[in-house]
Amino acid sequence: MPKGGASCLTPVYAGIRDDLNSFLRAYLQFESVRFFDYKVMFENRGMVGLFTGRHNSAEIIEFNECLLVHCLPYMEECVCPGTPRSLKERLFGLYSLYTFYYIQQEKHVVKVRMDPDSSRNFRRFAQFLLTEKIYDAYALCQKLLEDKAIKQVAFISIHDPSHFKRFYTDDKVSGVSIRTNLNDPLVNVKALVEQFDALGVIHKEYSRLKMKLGITSWMKLKDPIEELKKIIKTSLQAVESSSGVDEIVHTDHSAQQLASRGMQRSSIKDQAHSAALKFSRTRRHRSVKPVIVPAETFEYAPDPKKKKEAQETMPVSGRNGRKRGRPKSVPKSKVSNPARILYEKLAEDMISEHLSTDLTEQEAFTDRPQSSLEPQKNELFNWDAAPQDAQISNQTTEPSCGEDIFIEDFGEFKSQDDVMFTAEDFNDSLIPPLADSDSDLEIDA
Amino acid sequence: MSMDIVMKSDEQPFISAPVCFKTFAFFAKASAEECKLLASGSNARESFQQATGLSEKITEDIYRQIDVSHISSMVFNREMDGGIERNRLGSQAILLDENSRRRNPQFKSIALRSLRYDHIDHRALARKSPHLMPPTYIKEEIMDDELDEVKEEEVSVGEAALPTAKVELNMDHPEKDLIISTSVYLGYTRTLQYHEIRLGRLMKVTDRLELTGDHTLRDLKNAFSCPIDFSFSDDFSEKKPSFKDMAKNKWPSSMFFIHDTFYIDSNTGDQFVDPSITIRTWAKKFDYIGPMHVKQMSETRIGDLICRLGQPYVYIHQGVCEHLIVFNDLCLRDESHTNVEFPRRLVERNFRRIACDTCKEASAHWMIVDHDNLLPNSPGYLCSSCYKEFCFDVNGNKVCQFKAVPYCDRKDIGDGRQFFTELDL
Numbered sequence: 001m002p003k004g005g006a007s008c009l010t011p012v013y014a015g016i017r018d019d020l021n022s023f024l025r026a027y028l029q030f031e032s033v034r035f036f037d038y039k040v041m042f043e044n045r046g047m048v049g050l051f052t053g054r055h056n057s058a059e060i061i062e063f064n065e066c067l068l069v070h071c072l073p074y075m076e077e078c079v080c081p082g083t084p085r086s087l088k089e090r091l092f093g094l095y096s097l098y099t100f101y102y103i104q105q106e107k108h109v110v111k112v113r114m115d116p117d118s119s120r121n122f123r124r125f126a127q128f129l130l131t132e133k134i135y136d137a138y139a140l141c142q143k144l145l146e147d148k149a150i151k152q153v154a155f156i157s158i159h160d161p162s163h164f165k166r167f168y169t170d171d172k173v174s175g176v177s178i179r180t181n182l183n184d185p186l187v188n189v190k191a192l193v194e195q196f197d198a199l200g201v202i203h204k205e206y207s208r209l210k211m212k213l214g215i216t217s218w219m220k221l222k223d224p225i226e227e228l229k230k231i232i233k234t235s236l237q238a239v240e241s242s243s244g245v246d247e248i249v250h251t252d253h254s255a256q257q258l259a260s261r262g263m264q265r266s267s268i269k270d271q272a273h274s275a276a277l278k279f280s281r282t283r284r285h286r287s288v289k290p291v292i293v294p295a296e297t298f299e300y301a302p303d304p305k306k307k308k309e310a311q312e313t314m315p316v317s318g319r320n321g322r323k324r325g326r327p328k329s330v331p332k333s334k335v336s337n338p339a340r341i342l343y344e345k346l347a348e349d350m351i352s353e354h355l356s357t358d359l360t361e362q363e364a365f366t367d368r369p370q371s372s373l374e375p376q377k378n379e380l381f382n383w384d385a386a387p388q389d390a391q392i393s394n395q396t397t398e399p400s401c402g403e404d405i406f407i408e409d410f411g412e413f414k415s416q417d418d419v420m421f422t423a424e425d426f427n428d429s430l431i432p433p434l435a436d437s438d439s440d441l442e443i444d445a
Numbered sequence: 001m002s003m004d005i006v007m008k009s010d011e012q013p014f015i016s017a018p019v020c021f022k023t024f025a026f027f028a029k030a031s032a033e034e035c036k037l038l039a040s041g042s043n044a045r046e047s048f049q050q051a052t053g054l055s056e057k058i059t060e061d062i063y064r065q066i067d068v069s070h071i072s073s074m075v076f077n078r079e080m081d082g083g084i085e086r087n088r089l090g091s092q093a094i095l096l097d098e099n100s101r102r103r104n105p106q107f108k109s110i111a112l113r114s115l116r117y118d119h120i121d122h123r124a125l126a127r128k129s130p131h132l133m134p135p136t137y138i139k140e141e142i143m144d145d146e147l148d149e150v151k152e153e154e155v156s157v158g159e160a161a162l163p164t165a166k167v168e169l170n171m172d173h174p175e176k177d178l179i180i181s182t183s184v185y186l187g188y189t190r191t192l193q194y195h196e197i198r199l200g201r202l203m204k205v206t207d208r209l210e211l212t213g214d215h216t217l218r219d220l221k222n223a224f225s226c227p228i229d230f231s232f233s234d235d236f237s238e239k240k241p242s243f244k245d246m247a248k249n250k251w252p253s254s255m256f257f258i259h260d261t262f263y264i265d266s267n268t269g270d271q272f273v274d275p276s277i278t279i280r281t282w283a284k285k286f287d288y289i290g291p292m293h294v295k296q297m298s299e300t301r302i303g304d305l306i307c308r309l310g311q312p313y314v315y316i317h318q319g320v321c322e323h324l325i326v327f328n329d330l331c332l333r334d335e336s337h338t339n340v341e342f343p344r345r346l347v348e349r350n351f352r353r354i355a356c357d358t359c360k361e362a363s364a365h366w367m368i369v370d371h372d373n374l375l376p377n378s379p380g381y382l383c384s385s386c387y388k389e390f391c392f393d394v395n396g397n398k399v400c401q402f403k404a405v406p407y408c409d410r411k412d413i414g415d416g417r418q419f420f421t422e423l424d425l
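Heads up: the sequence lines are chains A and B, in that order. Just so we're aligned, residue 1 is where the first sequence starts under UniProt numbering, counting upward by one. Just so we're aligned, residue 1 is where the second sequence starts under UniProt numbering, counting upward by one.
Among the clues, some could well be false.
Below, in silico cross-link-like pairs of lysine-lysine (PhoX-like), each with a Cα-Cα straight-line distance of 25 Å or less [claimed, not checked]:
id	chain 1	residue 1	chain 2	residue 2
1	A	107	B	128
2	B	248	B	403
3	B	176	A	151
4	B	108	A	107
5	B	57	A	39
Hints were generated in silico from the structure; no laboratory data involved.
If we strip away everything but chain A, and leave its shape as in the complex, we get (with noise of 0.2 Å):
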């Protein structure tokens, strides 16, 4: 026997109520009582098909028998009580009984269990349809009892405790509280009865004479009989309330397998369904400290002396916008060079003089440096830096004026070299400039 009993399993007749339900249904909407259609519709539906895949003889015999059966309630007078069944729906449940006996397979032919209730109920059928002249179905009946298909049981139903599952050993007495020790307490009292008869005649004869003395007080004295009986009364109330004694009664385990029995499978179910999940913070989503990344500035910071060289060289650069690039570029380089501070002294002091002449004055200066300072280009430059010629051609193909000397002569100073030799240069060449517009100013004098 598998665990937990039969009753787990799948039972062998399992969906035949619901495939005999749905051909009565088709049934009920066919228009016809005869076999004769009913085995044309048998067919079609193909109802054979549920004798298909058994192997098992135990498996084909038991379902053949549990098919028989479910073919009887068909034929029953009355659905319930009250409520009277068809005659086609009888009909239904003759005709599929004698169709699936007589198409069981060979040699697991099983007989139709009838208790004999089922079997009174089959032959009051059988008489009606001979009554009602229904003569195909008459001939069912007759066929099946020529054969001897029916087989008298006690019930329909099989009675095996091993195929259930539960045998309800839980369910048995235990703990019962029964009244025990039935002690009746009054017995001595009981016994005494036949004493208050004796009682009853004393004290009649004693008030007796007394009236015959006279005495008059005897009235006064109460009768010991019905003092008895309210005594008695009284007790016997209070004693029933109070008689016997409790008694516990176990009848299916002893307290100490009671104790000791393991822990059900359902209430281990019902502890893990009942108990709280506890939810802990995984690794994955822990939170940690932000780390604060200070963002860089790209910004250059100059020092104070160069934005004081800078404040001094705006105005300058800014009354021309071709000077304003220049005068900017050439401090950074050549604020380490003391000639270089020298010349731009120098400069500064010419471009005033420069700016204070007249402008016939500026054309007179402008014609005589030119041709004054063709000859001395050959001997400053060098023949070896040839771009920078080219540059100074370049620029004397601009149009003609004073600031374009001067930028020339910015333009040789690039380098270190050229600057100490340029300065030497220069100051030997300032003296001819001077001495040409001494005889200038002379001539114009």
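Once you've looked at the hints, dock chain B against the given chain A.
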């Protein structure tokens, strides 16, 4: 009876209402007689004509229409045709689902092993054909039966053969034709623990018997065996065992407890002691247990019982061994019970045998205890030949100090003669 109250018999689905076997036998016989009267003719057609008054031609037409011999279940190749899937039946869908869970088609699943009629020969339960042959074919059938008997000599279970003559019902003693199906469960000598009851060990059927109502409870007792009856309790290493030393002859007292009555067997000799005295004395102390009666099992026929189907009753023997006895079904004798000897045993259980510890081939017939490291186990189990060869020298003397007790394996219960032969009893 308060035992019904304790067991709550009315609430159990597998227990029926109380049944008087004799009363049921009477009503069943009456019902069978009425069915016989309804089909009184020798043939169904003759009965039909007599009842309806129709002509022979019309009768033949009707019987031709009710013929269903052409209807048969088609054979499908499951792998190629897939016929079962095509079927609209719900039961077939359930069956297909069950078959799909099996390991392989040849494996006998747990569902098949838990069937009601498992381990029972189908010939004892079912007929060969739904049609009963006419009397003209009786001779041919007899010859066929003889051939079948020759082929199936090894398995000789009472077949549900076709009747050679109609069974006449006797209304004077209806219980004679009553067939009672009885289940005998495995016996236990102690109270089962809760987990043992839960696992279903309590409900292990060892024998399923069919008896008639004319058999007595003593016949039921003799119809099945228990290995404790064949046990010995003394040392037989230096002497020969005899029938008197067997447990069932040494302590022959046994009893059935059915409903409210103890059925004892006092005709077992001088060794008899009433086993119900102790229980009845104990029961007198409790008021909720009703009065209990004592009767002789040899004088009580099964047909005279009043009990419930499906309710476990108890059979106690050897003082401690308790077997549950359940009456499963009641039916009337019919043509399928022809040529059947009752009591009939239906179930043949295959218990695991205890093999010899040395040769591992034969079943154990001797149990060796209190030995001086003669065997690795104590008790050790030996067959007869190994017992003689291993425990005694060439002169027949014991090789060491040990005790030997004859042992009857559970598997050999059904064949008790083999056990007696091995012991030379």
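Original post:
Hint by hint, which ones does the structure fall short of?
Top reply: none
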